[in-house]
Structure formats: C-alpha cells, structure tokens
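There are 2 protein chains.
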Amino acid sequence: MRVDGPVALTIAGSDSSGGAGIQADLKTFAAHGCYGTSVITALTAQNTVGVQGVHACPPEFVAKQITSVLDDLDVRAIKTGMLYDAETVKAVAGLLKTRFSSELSSPLPLVCDPVCVSTSGHSLLHEDAIEVLISQLFPLSTLITPNKSEAELLLSHFGDSTPIHDLEAMLSSAQKLLSLGPKAVLLKGGHHSITMPDIVRIRQKNGCPKIIKHDLPSDNMEILLVGAPNYDDIELVVDVLYQIDGSLTLFVRPWIQSTSTHGTGCTLSSAITSELAKGIPLEQAVDNATMYTYHGIQSATPMGRGYGPLNHFHRFTTILIPQPTPANPYPFTHMLIESNAKEWKEYVEHDFVRQLGKGTLDRAHFIHFVKSVLTNDILHPEMLIVFLRQDYHYLKYYARAYALMPQRLLAAKSTTFGQIDSCTKTISNVLHEIGNHKAFCATFGITEQDLETTNEAGATIAYGAYIIDIGLQGDSTRLMMALMACLLGYGEVGLWLKKQSTLPDTWVKLEDNPYRHWMEEYAGEMYQGAVRIGLDALEACAVADPPSAVRFKEWQAVWAKCTRLEKGFWDMAMELRG
Amino acid sequence: MRVDGPVALTIAGSDSSGGAGIQADLKTFAAHGCYGTSVITALTAQNTVGVQGVHACPPEFVAKQITSVLDDLDVRAIKTGMLYDAETVKAVAGLLKTRFSSELSSPLPLVCDPVCVSTSGHSLLHEDAIEVLISQLFPLSTLITPNKSEAELLLSHFGDSTPIHDLEAMLSSAQKLLSLGPKAVLLKGGHHSITMPDIVRIRQKNGCPKIIKHDLPSDNMEILLVGAPNYDDIELVVDVLYQIDGSLTLFVRPWIQSTSTHGTGCTLSSAITSELAKGIPLEQAVDNATMYTYHGIQSATPMGRGYGPLNHFHRFTTILIPQPTPANPYPFTHMLIESNAKEWKEYVEHDFVRQLGKGTLDRAHFIHFVKSVLTNDILHPEMLIVFLRQDYHYLKYYARAYALMPQRLLAAKSTTFGQIDSCTKTISNVLHEIGNHKAFCATFGITEQDLETTNEAGATIAYGAYIIDIGLQGDSTRLMMALMACLLGYGEVGLWLKKQSTLPDTWVKLEDNPYRHWMEEYAGEMYQGAVRIGLDALEACAVADPPSAVRFKEWQAVWAKCTRLEKGFWDMAMELRG
Numbered sequence: 001m002r003v004d005g006p007v008a009l010t011i012a013g014s015d016s017s018g019g020a021g022i023q024a025d026l027k028t029f030a031a032h033g034c035y036g037t038s039v040i041t042a043l044t045a046q047n048t049v050g051v052q053g054v055h056a057c058p059p060e061f062v063a064k065q066i067t068s069v070l071d072d073l074d075v076r077a078i079k080t081g082m083l084y085d086a087e088t089v090k091a092v093a094g095l096l097k098t099r100f101s102s103e104l105s106s107p108l109p110l111v112c113d114p115v116c117v118s119t120s121g122h123s124l125l126h127e128d129a130i131e132v133l134i135s136q137l138f139p140l141s142t143l144i145t146p147n148k149s150e151a152e153l154l155l156s157h158f159g160d161s162t163p164i165h166d167l168e169a170m171l172s173s174a175q176k177l178l179s180l181g182p183k184a185v186l187l188k189g190g191h192h193s194i195t196m197p198d199i200v201r202i203r204q205k206n207g208c209p210k211i212i213k214h215d216l217p218s219d220n221m222e223i224l225l226v227g228a229p230n231y232d233d234i235e236l237v238v239d240v241l242y243q244i245d246g247s248l249t250l251f252v253r254p255w256i257q258s259t260s261t262h263g264t265g266c267t268l269s270s271a272i273t274s275e276l277a278k279g280i281p282l283e284q285a286v287d288n289a290t291m292y293t294y295h296g297i298q299s300a301t302p303m304g305r306g307y308g309p310l311n312h313f314h315r316f317t318t319i320l321i322p323q324p325t326p327a328n329p330y331p332f333t334h335m336l337i338e339s340n341a342k343e344w345k346e347y348v349e350h351d352f353v354r355q356l357g358k359g360t361l362d363r364a365h366f367i368h369f370v371k372s373v374l375t376n377d378i379l380h381p382e383m384l385i386v387f388l389r390q391d392y393h394y395l396k397y398y399a400r401a402y403a404l405m406p407q408r409l410l411a412a413k414s415t416t417f418g419q420i421d422s423c424t425k426t427i428s429n430v431l432h433e434i435g436n437h438k439a440f441c442a443t444f445g446i447t448e449q450d451l452e453t454t455n456e457a458g459a460t461i462a463y464g465a466y467i468i469d470i471g472l473q474g475d476s477t478r479l480m481m482a483l484m485a486c487l488l489g490y491g492e493v494g495l496w497l498k499k500q501s502t503l504p505d506t507w508v509k510l511e512d513n514p515y516r517h518w519m520e521e522y523a524g525e526m527y528q529g530a531v532r533i534g535l536d537a538l539e540a541c542a543v544a545d546p547p548s549a550v551r552f553k554e555w556q557a558v559w560a561k562c563t564r565l566e567k568g569f570w571d572m573a574m575e576l577r578g
Numbered sequence: 001m002r003v004d005g006p007v008a009l010t011i012a013g014s015d016s017s018g019g020a021g022i023q024a025d026l027k028t029f030a031a032h033g034c035y036g037t038s039v040i041t042a043l044t045a046q047n048t049v050g051v052q053g054v055h056a057c058p059p060e061f062v063a064k065q066i067t068s069v070l071d072d073l074d075v076r077a078i079k080t081g082m083l084y085d086a087e088t089v090k091a092v093a094g095l096l097k098t099r100f101s102s103e104l105s106s107p108l109p110l111v112c113d114p115v116c117v118s119t120s121g122h123s124l125l126h127e128d129a130i131e132v133l134i135s136q137l138f139p140l141s142t143l144i145t146p147n148k149s150e151a152e153l154l155l156s157h158f159g160d161s162t163p164i165h166d167l168e169a170m171l172s173s174a175q176k177l178l179s180l181g182p183k184a185v186l187l188k189g190g191h192h193s194i195t196m197p198d199i200v201r202i203r204q205k206n207g208c209p210k211i212i213k214h215d216l217p218s219d220n221m222e223i224l225l226v227g228a229p230n231y232d233d234i235e236l237v238v239d240v241l242y243q244i245d246g247s248l249t250l251f252v253r254p255w256i257q258s259t260s261t262h263g264t265g266c267t268l269s270s271a272i273t274s275e276l277a278k279g280i281p282l283e284q285a286v287d288n289a290t291m292y293t294y295h296g297i298q299s300a301t302p303m304g305r306g307y308g309p310l311n312h313f314h315r316f317t318t319i320l321i322p323q324p325t326p327a328n329p330y331p332f333t334h335m336l337i338e339s340n341a342k343e344w345k346e347y348v349e350h351d352f353v354r355q356l357g358k359g360t361l362d363r364a365h366f367i368h369f370v371k372s373v374l375t376n377d378i379l380h381p382e383m384l385i386v387f388l389r390q391d392y393h394y395l396k397y398y399a400r401a402y403a404l405m406p407q408r409l410l411a412a413k414s415t416t417f418g419q420i421d422s423c424t425k426t427i428s429n430v431l432h433e434i435g436n437h438k439a440f441c442a443t444f445g446i447t448e449q450d451l452e453t454t455n456e457a458g459a460t461i462a463y464g465a466y467i468i469d470i471g472l473q474g475d476s477t478r479l480m481m482a483l484m485a486c487l488l489g490y491g492e493v494g495l496w497l498k499k500q501s502t503l504p505d506t507w508v509k510l511e512d513n514p515y516r517h518w519m520e521e522y523a524g525e526m527y528q529g530a531v532r533i534g535l536d537a538l539e540a541c542a543v544a545d546p547p548s549a550v551r552f553k554e555w556q557a558v559w560a561k562c563t564r565l566e567k568g569f570w571d572m573a574m575e576l577r578g
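Protein chains in written order, with UniProt numbering: chain B, 1 to 578; chain X, 1 to 578.
Treat the hints as calculated values from the structure; they're not laboratory data. Values in this document were obtained by computation on a predicted structure and should not be read as measured data. Wrong hints could be hidden among the right ones.
[Unchecked claim] With a straight-line Cα cutoff of 30 Å, these simulated DSS-like cross-link-like pairs (lysine-lysine) come out:
{"id": "1", "chain 1": "B", "residue 1": "K498", "chain 2": "X", "residue 2": "K213"}
{"id": "2", "chain 1": "B", "residue 1": "K205", "chain 2": "X", "residue 2": "K499"}
{"id": "3", "chain 1": "B", "residue 1": "K553", "chain 2": "B", "residue 2": "K567"}
{"id": "4", "chain 1": "B", "residue 1": "K278", "chain 2": "X", "residue 2": "K183"}
{"id": "5", "chain 1": "X", "residue 1": "K342", "chain 2": "B", "residue 2": "K210"}
{"id": "6", "chain 1": "X", "residue 1": "K213", "chain 2": "B", "residue 2": "K499"}
{"id": "7", "chain 1": "X", "residue 1": "K499", "chain 2": "B", "residue 2": "K213"}
{"id": "8", "chain 1": "B", "residue 1": "K213", "chain 2": "X", "residue 2": "K561"}
{"id": "9", "chain 1": "B", "residue 1": "K498", "chain 2": "B", "residue 2": "K438"}
{"id": "10", "chain 1": "X", "residue 1": "K499", "chain 2": "B", "residue 2": "K210"}
Pulled out of the complex, with its shape left as it was, chain B reads as follows (with noise of 0.2 Å):
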C-alpha cells in the first residue's frame, strides 16, 4: 500500500490523546489510503475523560500554516474542524476564499465540520464565531457534517429552537441548514431511538427518499439471520443527506452501544474528506465514511476511564514480504531461503558438490574405497555413479511433476496462457537435462539400458513422491514452492561452485576435471535462464496474492522439506546407499 496521494488536509485542533483532532483526520485519511496533512488551530490537553486545557494559536500562524501546505503539496480535499474563535474562522475562510476564487485553482472539496462542544461536553468554539463560520465558511463548503447539538445550536442563531427530536425533525432541520450556504449537509444521528418503521412512515410522507442501508436484513439471507432480532425492532442510526440539487438520502445502520466514541464526528468527515479527495462522488463518500466509522466504533477496544478511540485501523492488515528494492529484488525467495538457511548451505555447498567441484576423483585410489567412503575427503566415482543413476529416476519425477503444473494453472482465473506456455517450455528443459544426464553418464561406462535397470532407493522415492503429491493435491502455489526447491537448489550449486573457481587460490580445479561439464551445465546460460523464469514466478506469485503468515508457513515447509530431501539425496550418494 502506498500512502502517498491523494493529499489530504486537515484544519483542526489537536486532541494530546489521539482519539479526535487532527490526530484521529491524520488515521482517518491514512486508512483511506491518503496522504494527511494537518493545520492546527488550538491546542488542548484532552483525554478520554475531557478537556483538561485549550491553548489558541495566533490566527495569522494558521494561516501561515496552511499557505504552507497549500504553497507546495497537491491537496485534494480539506476538512475543517475545531476553529476555536472568530479570529480563527475569518482567517482560515478568507484565505481559503482567496485561494478558491483564484483563476489558478478551482474550488476544492471542503467538508465543515462545525465542531462546537466536545463529547465530554467542553465548549470548543466560541459564541461569537458562530455566526462568521455560518457566513464565510459555509458558503464554500461542499458538505457540513453537524449533529443534533450543533445543528440545534446554529439554527438557533436564526431565531429557530425547535428541538430535533425525531427523524421527521432531522429532515427538515437538515433542509432548513442547507438553505445557510453549503453545498450539502449531512446531519448526524445517533442521538434518537429510531425503528424501521419510523422510516418507512417518513418514506411515505416525503416523496420516497433514497435509503441507504447496511449491516440490517437484507433479502434472500435468511441463513445469515438465525437467532438475530426481529428487524423492526433493530435500534438504527439514520444520517440524513441534504444535497443542493434536492436529493435526499438516508444512510441507515444498527445503532452500537459503546464508549467508544470519542473522535466519531472527526473521524467521519475526515473519511468523507478522504473519499472526496480521491474522486469519490458525495453521496458514495458518504456512505463509506459512515461504514468506515460504524466498523471503527465496532471493533474498538475500551481505552481510558472515559470515552474511548475509535479503531481507525480495522481495515488493515501487514504484509509479511518487503517490497522489493535494488539490492533485494527478490524479497520473496529472500525470505524463503533465509527461513532454513542452515539447511540450505548444507544442501548448496554439500561435501558431495564440493568433491565435484575438486574433481577428486581418482581411479587409481580404488583401494581406499572402504576408507574414502568413512572419512569423506574424497568423492569416489561409485559415489556418483550412485548419485547418478538415482537422478534420472528422479528427474522422471520431476518432469512429471511439472506437468501436473500447466493443469494447476489452467484451473485457475488468474492465470495467462504464458505462464502456462513458459511452463511447459520448462518440462522441454528438464528433457534436455534428462539427454545430458545420459550423455554424461556414457562417460563414465553406464548405459540408457542400465540407468532404467537400477533399483530407485529410499531417498529417490521420498523426494520424487513427495512432489508428485503436493502436485496431486493440486495447489498450484505449494506445487511450484517444491519444484522451484530443486530447480533454484541446482542453479545455485552452479553459481557458487563458478564463484569458488574464480577465487583466488581456489579449491576448484576446472581442467581435467571429469566433472566440469556437469558443473558448467548448471551455471549455464541456459539453466540459468530457468532460474531466472522460475525467481520471477516466484515473486510474482507472492505479488498477486499477498501470503498471509499462515499461508508463507504452508509454502515454508513445502521448501524447507524439499531442500531437506535434496540434502537426503547427495546424502545417499556419499554413503553409497541406493
């Protein structure tokens, strides 16, 4: 996930706990996936419990903040919250009138949040500036986003006390604070006790508004509604939008019986706020942002001895692998081979592979066998000639496993006929390597004839019928951890075996080395190119469908077990087994 636009802008107080402010608007447009930026407009030493102390900051500054921001970043939406006095609203409205009017920039989303008194019930705006928000702010906002108090409090300033008792009250309120100078107004339940049949009383009565519901009964679930109360009982919420155009709607959820609520009317108009800058239109911003907020107070943990935060971050989840970077371009494999690395350079840099790569091997100290075998510092040629017979048979295994992969593939959605192509290509390469085994086994006297008359050995067996059953079992994703397990495994034995030869005063001994041909295959061009194939599907695969830590386990072990059993195979050669 990439936080880093739209940018969003804040222009509130700051809450010292965290749970409202600019603080809960930074969460907020960070769990919408924007950039927060914030201008503060007083300070307060809050709590769950209250306000403990407010401290202003001079008009001017706020204004300097936010030519700071507006002189450099590319926001896309702003909010208001807190404004704290007159002074503060004249200069935060009229520098947002200049900037609006200005031939350089059209008009940006602005959502007003008329924040007066606090949960806790502490006054956060002065008399006085009530009336300077209603007459320089609001006429430049797209949506002001008041609850019942607050409504209740600047209809007041026109002479209008009706109490907002009810939804029919929250409807006409609404129309009577659209007629201000917003754009829209959405006035907030969540104060009244209301029942679907109170709106449906209200549908009838107001020419059918557009209701919005969630979380409640739906058609054809009935399943999903075993045991849950009887719908016209559900206790809702009901957020009324009042649109310029006329368009009314309803926005209708469970009501939640928690404390933890402190910051719900900063965190939703910062989520609208959220929504609008990316593009999202009014009404489909509103009813995320309500959604996001409801499932934040859901999921909440109680927090302090008063009210507590929401949960801003119920949306998220971390993922395991890094993003790549130049110097780890891999991050997947990187992970997965750094998960078993012991086993790993056991497997890599096997006794067996370093006596390839000595070529140590003499014909002439026969004599020793029984004593070579025991103290290891030789690899005999039975050793490989071992190691060589069981190869081809499981090579076999291999080739078969990779051709259930074109099928695990095609059975799913998301698949391309070229990764299915390249896969097949890939059964044509291990045929190849097959024809090279075989030509690099004549050297050394054994036949077509004898390779398929040996008997396969334990360790054969285990290796091959391990991966034609986790390719059986059909999830192409731990199909491919096994098979790239062999595949990356030899391509590295190929490269550090190259990379020992051009050390200085190297171990490896090239020139008559009756094995360098063996060595070289691998860290040829060619299967080289397999590796390269097989990193990419690798992390493409991690890329598509981010692992969750119980799926990288599953995958884990697949390689973990596969690199055990390679080791097992050299293992066998070393002790003549087979």
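Chain B is already provided as a structure; the job is to place chain X on it using the hints.
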C-alpha cells in the same frame, strides 16, 4: 489489525506538511500497530522546501498535555523530538523525572531524538537548550538518536570539536555520547560514504563488534545476485548502537539515492519507540526500526518541490472482508451473496420453489399440461419428477465432491482433525438426504430402480461435473465455495418458504401440500445445523487467510457459477427437459 494498544507517546513539534514531527510519529506508531498519542511543543509552518515559521507552545501547556495523557492512558513508551527551547526541555524533563521516580510506576522506555536542525537547515532547538537537554533529559533516556551534525553539536558543548568524518570517528563519538548519561546511543550514519572494506577494517580493530546486515548479498544466494554490483563497491549506511553494558552493534544496509528523506529521523526514533512499547529488546527494536525506515524511503514517491516524506504505510494492505458485527456475524458470506444478489434471488425464489410452496400440483390439471408448462403458473407433477430424478443423480456428484474435501484438508498444514471429522459427517448427512429423497420419491411412485436408470440431463452433468472438476483441481477453498453454494442455497430456500408461510395472508400452503415434507426437511433442525457448520467453515476460511482481491474474485467466480447452475437445475425441471 487492531491499532488500539500498546500506547506510545510522542512529545515533539508539529509539521503542517505531515512528513516529520508528531505527524510522522503518529503515522509510524500506527504502522507498527501502536495507538499513538502526541504532546505538541511547537507548531511549524513547514513544507518539503523548508520551515516558514515556528510558534512555540507555553512550557506549562506542554506539561499539561503530558499530564492529560499519562493520567488516563497506559503509555508504554515515550519519544521526544523537537523541544525547541530550554524552558520546554526543563518542563518535559522535570515532569518525566517526577513520573519515573514515583513509586507508582517504573521508568518507561524513553527515546530522545535530539532534534536540533531541520533537514532544510532551520534551527529547531535554541542554543541554550542543549545544555539542559544533556543534563536533564539524557539521564532519563533509554536511547538517544543523534545524527552526525547533532552529535557534533552535542560534543562541541564539551569542547570536543572533532568532526565525525568516518566510521572510526562514529564509534568513538558514540562512546563519548554514552558518557553523557543515556543508557544507549544510536549514532546514525547516512552522511558518510562507507563500503564493506571499511567495516572489515573496523571489525579487526575494535574487537569484533556485532554486525547486522540487511539487503546485502548473503551466503548461498548467488542466484539472487546476477547483475548486482560487486559487494565491496556497494555504498553503505551504518548506524552505530553503543549500549551502557559495553555492547556495540553496527546496522549495515545499502545507501539509497532519494529525495524522500523529510522526517527520516522522526520516523526512525518513533519506530524504535513503537517496538519498545511492544516490549521488544533494544537491539532488535533498532534493527526492525532501521529496516522499516529504509523501506519507507525506498518505496516513497517524490512529493512536493523539496525533500518529500517517506512512505510510512509500505507494510500495509487493506482487507476486503469487514469485521463481523452483531448485526452481520457472517460478513464474508454476506459479501458472497451480495456479489451476485440478483442471480441468488432468482435461484432462491425460483418459480419452482414458489409453486412447491403453493402446493399447486393438481393431478386433475393434467389436461392443461401443455398450457401450464408454457404459462408456468402451475408446478406440474412432471416437473417435480424431472427435478427429483435429476436431483438424485446430482446428489451423487455432490457426495463425491464432498468426499474430495477431507483429502484437500489433510493435504493442508493448518487443518485440524475436527475439520475433517465435520466434513465426513457432512457426507453422512448427504447420504441421509438421499435416503429422504428416495422415500419422498416413493410417494410419487418413483422407485430406486427408476432413479438409477434415469438418464442424466445436461444440467445435471454440467453442475455435477463442475463441482467434481473444482474438487480435482485441488484447491480446498474453491471446492468449499462450490459446495457451500449448494448447501446454503437449499438452506435459504427452506427458510425463505418457512418465513413466507408465517406472513399474514401467506401464499404458502402447508395443509395437504404434498411437498410439505420436502420444504420442512430443508428448514429443519438437521439441515440447518449443517448450514451453520458450513457458514462457520466459510467464515473461518476467510479469517485464517484473508483473501486478496485476486483470490476473492476466484472464490466469487466459483460461487456465482454454482448459483447459476443451481438455477439452471430448476429451469430444467420447469421446462420438462432432461
């Protein structure tokens, strides 16, 4: 992800542009799963180009904010950033000292980032504050995190004006800084040009300090390094951690060419604070935090006209399925059903189902057979018989598909035997369903022999073969989607008919309805018990390994296809095909 604890506190300045200061800290806390609180010492009007102004907050109000937070919330770690002037440093240090030495609480981890100058060169700490910082705050600090120029400034106060020009100088400076009182010093690199040979030299000279490397060539990863620069030529960043117990750790990683470095210091220190708040030991905390910051720079997109911010949320991805709520305890199934609501409704409320409910099967109407078929207003016995005969065949496919499930579950690492047990019990339930089916058919004069010899219709083969195919493809989750569409669909049909039967003036007929037994079977306790198990399994599947958009689409495709095939099954009966 629940970001509601542990609580971390930052005491620092505000950066209006959101990339540094408490804004960077809050973003970093959130990215680490901590709940962020913030005490503001000063406001800056700032952007990526520079600092345009500073408004200091009265020291006593800084103290008041700290008190508000610590009195109410269970803070687990604190960091300080820009403290601006001597009076503020005194206020913060004095208050923390009192808190830390009170018998009620043991000292909290305190990370002091001695912010002196902004990246853009603006002074953020008064000259006279440095001495107070050293004498009063350092002794309380778990860790101080100066960069090169801050370290030079701090040491110059003791007459030491040696420039920190290389790794050697970093080590000795870190040791000197440690003697100023903190429990550990992290001296940050990034301003030097260091390569691996420098580190090897240091290591030989300084008694082998511990070295933690990241994103650098590791052993046995040659395959990942094709085309990478020579190890010894890579330009490195080294951070030096010196702890009071004498342990020395170097954190080494590649240097990144980037302009996205605004707020790097704030981000690193708050990342360390987050890790300490979670109880992670210091060295590991620093290691994690340096890599978090490194990836933050690496994955950032340029923003603004100067030094842009880091990408703080590079580890995050959003989850598709909302959290369960009391009103929506099955959010995943809810999403599935909603994703093709129209087709689901056509299936569940199919005319065939309605007519079963009406019991409008009248043998006397046989005469109107053709007409009734055309107008579809009567469910003719022939239709039911077509359905029953084909459903018998379908149930065989269904049981076979279910029989593949234990195989799939056993192949997965995370399966419990309980899951497999409940799965095999479902097969017994299907056999029971087949038994009922046969008994019900007998009441229509259809014998088992008849059922067995009935030809399978196209719709039966289509549906049956599809679920077997999905099962053989081997992905257990997609097989589950296929099986659940059928299990849940019939459960919904049963409950929907039952609900209709309770409405006033219901069209459902229970008395003398020859299909009553069939209807009641699906609404009954036994079948609904199976539905409940299915729902729980579906939800558990989405919780254990939350699907990405890619995987949800794959699952949804199987679900939608089965819904269509179910509907096709009833269409077939209505058209007397088969």
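Exercise. Given the hint that K342 (chain X) pairs with K210 (chain B), test it: the Cα-Cα distance must not exceed 30 Å.
Key: holds (20 Å)
Quiz item: Is the straight-line distance between the alpha-carbon of K499 (chain X) and that of K210 (chain B) 30 Å or less?
Solution: holds (27 Å)
Quiz item: K499 (chain X) and K213 (chain B): Cα distance at most 30 Å?
Solution: holds (21 Å)
Quiz item: Does K499 (chain X) lie within 30 Å of K205 (chain B) when you go C-alpha to C-alpha?
Solution: Distance ~29 Å between K205 (chain B) and K499 (chain X) Cα, so the pair holds.
Quiz item: Between K213 (chain B) and K561 (chain X), is the straight-line Cα distance small enough, at 30 Å or below?
Solution: Status holds; Cα separation ~27 Å.
Quiz item: Taking 30 Å as the top limit, are the C-alpha atoms of K553 (chain B) and K567 (chain B) close enough?
Solution: holds (21 Å)
Quiz item: Hey, K278 (chain B) versus K183 (chain X), does the alpha-carbon distance stay inside 30 Å?
Solution: violated (46 Å)
Quiz item: Can the restraint linking K498 (chain B) and K438 (chain B) be considered satisfied, given a maximum Cα separation of 30 Å?
Solution: The hint holds at about 23 Å.
Quiz item: Within a Cα-Cα threshold of 30 Å, do K498 (chain B) and K213 (chain X) meet the stated pairing?
Solution: The hint holds at about 25 Å.
Practice problem: Could you grab the alpha-carbon distance between K213 (chain X) and K499 (chain B) and see if it respects the 30 Å cut-off? | Solution: holds (21 Å)
Violated hint: 4 only; the structure is consistent with all others.
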